[in-house]
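Peer 1: Each chain, letter by letter, is given below.
There are 2 protein chains.
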Amino acid sequence: MDNKTISNIKSLGIDMIDQAGSGHPGIVLGAAPLIYTVYARHMNINTVDPTWICRDRFVLSAGHGSAMLYATLYLAGFNISLDDLKNFRRVGYKTPGHPEFGHTPGVDMTTGPLGQGIASAVGMAIGEKILENKFKLSDGKPLINYNVYALVGDGDLMEGVSYEACSLAGTLNLDNLIVLYDSNNISLDGDTSNTFTENVIERFNAMGWHTEKVLNGTNVEDIDKAINRSKKSGKPSLIEVKTIIGNGSVNAGKNIVHGKCLSKEDIRSVKRGLDIKDEPFYVDVNNMNKFRNQIVERSARKYELWARNYREFMNNSSEEVIEVFNSFFNPKKIDIINTDFNLDKGIKEATRVTNGKIMTTISKNIHNFIGGSADLSSSTNTYLKDMQDIKDNHYFGKNIWFGVREHSMGSILNGLALSGFKPFGSTFLTFSDYMKPAIRLSALMNLPVNYIFTHDSINIGPDGPTHQPIEQLAMLRSTPNLMVFRPADANELIGCWDVMLNSSGPNALVLSRQDVRTLPSTVPEYVKYGAYPVRKERKQLHGIIIATGTEVFTSLLIAEQLYNEIGLDLRVISMPCQELFLMQQERFKNSLIPGGIKTIVVEAGSSFGWYRFVINEKYLMTIDKFGISGTKGEVENYCNFTFEQIKERIRKLF
Amino acid sequence: MDNKTISNIKSLGIDMIDQAGSGHPGIVLGAAPLIYTVYARHMNINTVDPTWICRDRFVLSAGHGSAMLYATLYLAGFNISLDDLKNFRRVGYKTPGHPEFGHTPGVDMTTGPLGQGIASAVGMAIGEKILENKFKLSDGKPLINYNVYALVGDGDLMEGVSYEACSLAGTLNLDNLIVLYDSNNISLDGDTSNTFTENVIERFNAMGWHTEKVLNGTNVEDIDKAINRSKKSGKPSLIEVKTIIGNGSVNAGKNIVHGKCLSKEDIRSVKRGLDIKDEPFYVDVNNMNKFRNQIVERSARKYELWARNYREFMNNSSEEVIEVFNSFFNPKKIDIINTDFNLDKGIKEATRVTNGKIMTTISKNIHNFIGGSADLSSSTNTYLKDMQDIKDNHYFGKNIWFGVREHSMGSILNGLALSGFKPFGSTFLTFSDYMKPAIRLSALMNLPVNYIFTHDSINIGPDGPTHQPIEQLAMLRSTPNLMVFRPADANELIGCWDVMLNSSGPNALVLSRQDVRTLPSTVPEYVKYGAYPVRKERKQLHGIIIATGTEVFTSLLIAEQLYNEIGLDLRVISMPCQELFLMQQERFKNSLIPGGIKTIVVEAGSSFGWYRFVINEKYLMTIDKFGISGTKGEVENYCNFTFEQIKERIRKLF
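So the sequence lines, in the order shown, correspond to chains A and B. For any residue, its number in our numbering is found by taking its place in the first sequence, counting from 1, and adding 426. For any residue, its number in our numbering is found by taking its place in the second sequence, counting from 1, and adding 426.
Isolated chain A (complex conformation):
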């Protein structure tokens, strides 16, 4: 059966690519024995319950192998039709060009951008460890217990993000993670001898992993044994499997077979070599049924055990424990606005500090709220007090130490969000640059990941331009599906968290390093509208200031002074979330910011994305050049952004 199924995965895969006119046959012909061995002999899954909590996960980090994955999932019995395979890479079918989470049953993650899959698999493995330790049956055994498999290519392992995540996986000793490395010495442009000559096995040994090498990548037994040894190794495992890219094609072993369709003749010849009928989309039904039975037989045992255990757990656990469980897997609306955070009313402190207090309270109430920082928690204030750390052999905590690894922090958060968590990760706003590929995947998968970015403007001062964000808010706001919050004070912060924790998608919370006063006119409940007035005009509306974050207080003060000094009557609008505001109905938007009224924007960052609110650039009090190292005052002056400068620029507009 092994070879027949492998052949069928291959033949379907190359037929799909041929039909679509594009795709990646090299990995299909090279790595089919790997994916087959995992599904036939190891994956515990239920094709009629594809989101089963306790299923094993499979991440095709080399996402360009989507045809191979879909062919395997089809043969395995997931709800994918032959018609889906025939319409590979077409709108309206379950078989997009790269695997997409939520689009195809059996696909555990969106992949394609290399390195992301393996890095998020590390996040899934951390998630499993926590869940395994959190929910126990009456006999002390874990309710939840699964493995995470990833299939990677040379490209994945060259990417820095995979190194970061795998180094952390070694430190945390994630023995539930098994990585199969499709090692064929070829990448898109050519032989890896040009680019990638390191000893990968030794590198992973140095990172504390268990390693295996399978010399013949067509030998299912050898792959199987390596997986079995890995499961028992007590460490995260890398199995290097030597394969031949495009095996069986006339271009086997060459880079041109990576991403170009095979010729019709080559397809015929490959199929001949596979001893499979030369008929497009031929399915060996008898053999497929055997493959399905093998999966069902193994998985059914685990699924039935799970069902029993789940009933036992639900019957015997305390209400409290069940509530915790449900917060992961059946979340209810979370009320943050009416939560008492014990904040002083008159506080004047950085929003990063207030936020630390808020998060500490949140973490006590919300059980799937976990996270950490890329080695900046002392500055971002996101360490959850009273909560333990997650460490090797100690997965009870809520604080993850990511190390100086912003990028993989983002990818790991994605993996956690895919495992039932509402995770957070923090660093300085300027270093959000390092995380963009991971943030984009949060947005593409629409995962409830909370990015916390502090030190949000030039006002950090002396650290200088490398640490002063300018364009980062624009980068984040221009990313589809991502909500970007920049609260003015403690009140808005509470409102932000209320929206964020009830959202199914990703959020970025942007916080100040410098102190701000809690304002009398800010309102938590209004954050959900994205914008609202914090100062109404007294008599007649002369103009409007839109401000965010720390600039709200500045703008209020300027408005107050200009009213007293020259009678200029300004409305000040706080806009903690531009995206939410733009989603509101036209009537609301027009009533808040009516056309024909001079409108000014004040934000200590790029003008990008703000022109829509103003007539011309004179109305933008923003910063479009890099900052400078100096005192807060010196830097503001250099950026034409002191209180007096802004006030004067506004005065001149009227």
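Fair warning: there could be bad hints in the mix.
Once the Cα atoms are required to be at most 30 Å apart in a straight line, the calculated DSBU-like pairs of lysine-lysine come out as [claimed, not checked]:
| no. | chain 1 | residue 1 | chain 2 | residue 2 |
| --- | --- | --- | --- | --- |
| 1 | B | K1015 | A | K1044 |
| 2 | B | K811 | A | K686 |
| 3 | A | K817 | B | K668 |
Rather than coming from a laboratory, the hints here were simulated on the basis of the structure.
Use these hints to put chain B onto chain A, whose structure you have.
Peer 2: This is chain B only, laid out in the frame that chain A set:
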């Protein structure tokens, strides 16, 4: 002398931090013996000729150690005054919070964002190898010949970008690169046992490096010997030096000493321990002079030899060779517009393909034009035909194989640009995300790096949303100092290269995967204005379409059809570079896009950054959601971006 100078580096460093009220004393007290050993015993530099081509380079990858670096440079005799040290982190002095290239003599690179320094040092080492092999004296010896030193901390080595670059350094066997690893088991948040337990030495061995371990980080002789052995190793070298963070402080060995000022009492006690006068900014002048003499004596030999060799080279080399040399170090205006690229006039092909032809010609004429791709040259078409590859022990070529390492490709390009090159690197536009931190540093240092991003829109089709850029143009355009070019066709491509190669700053060239016709009305010479009309109104100006890239042809066709069908008389403006257009005089801008005329923007990407040209969002034919996997037509339809949809949307505006 050793200890006295080390003590003085430390005392000045902590005085600077104390005076500024911020900074990082931990590394100053821990790593001073490392930087001292490099400068006292190894660096060949000339403090009165700080940009000497043949100097050794020093990259403080752990850029937060700036106080230590400035104190060392001051003591070494660079043109930095005691007043500069006293005004650390202030505007107007040579001592910004993090080292800034071009701002401080002796600073070879801007650092601060971790990992970037070491990755760019790899670029510098590649650059040296090429220069060393390119310019020969009559006896066959190299004219240029220097080493690259980098000082890194745990944070640098945790960053994925450092792994990527160091893996490539192993493959290319860059034996001119010596990395000192300040290994103190502490990062900002705490002990590295929480985050970073891998065996770094073994990891670097696996990557083909020579490694050394110095157990006592205060022992200058041991560090010196390790550097000497490294120089002879024939491989890139990592020297792990065990140090104590904040050595001598009451908080020695603790993470709190990383980034917080010492108390006054602690400063006194540290100085007592160092046996140095307790006087702010005390300089042991006698000892400083000895330190300077030691540097001068060693370096003078090399500098004089260089001067002799340089004269010999200039006298004995052919005009052609001297021209090549000058193109690196005394560049002249480059005329691309009048270069014959042998392009067919009537071609219809993707701009990525035309660009490949143009680059091939450019590479023959421009000697410091080198680069490569992050394993996508087969798709980005940037492989320089007729040019050799750069490989281990073979540094004559112009093609660098970066591997699937977008991020370090960017950082390496920065290192090459710092070494006299006009480098390029290519990948898909969507993967520019991976490179943002490196792009930002190109922009901060204003380096002539050319980023080439192909597959520039949803029109790539079946690969789906992970590969379809949406927000990337906004990300790039919002980055200060970066010029973003999106040419409509071959003519504009030539104009883009003319601007790019004569620019001193970074550029991003954004190219299509799909075919475009060379248009009769596009003009290479006009690219430098950023925008110009490609279709003038026939009789009366009814409206304006601004378009870029492949959308210029679409817009022209729509304008033509609407004129014929309903007499709508539109001006079509091609805007290959928004940044350049915005730099033009108001009069020019207003004549091209007069106020009060309905103006439409057509670009297959985010609306971010385009509102400045339109009245409201109805006039934006842009895409603000993620794409989808499908045929070109299906994807365009999903994004409301087919030819007919755009035409109809425009028609309705009038």
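Peer 1: Could you work out which of the previously given hints the structure breaks and list their numbers from low to high?
Peer 2: Violated hints: none; all satisfied.
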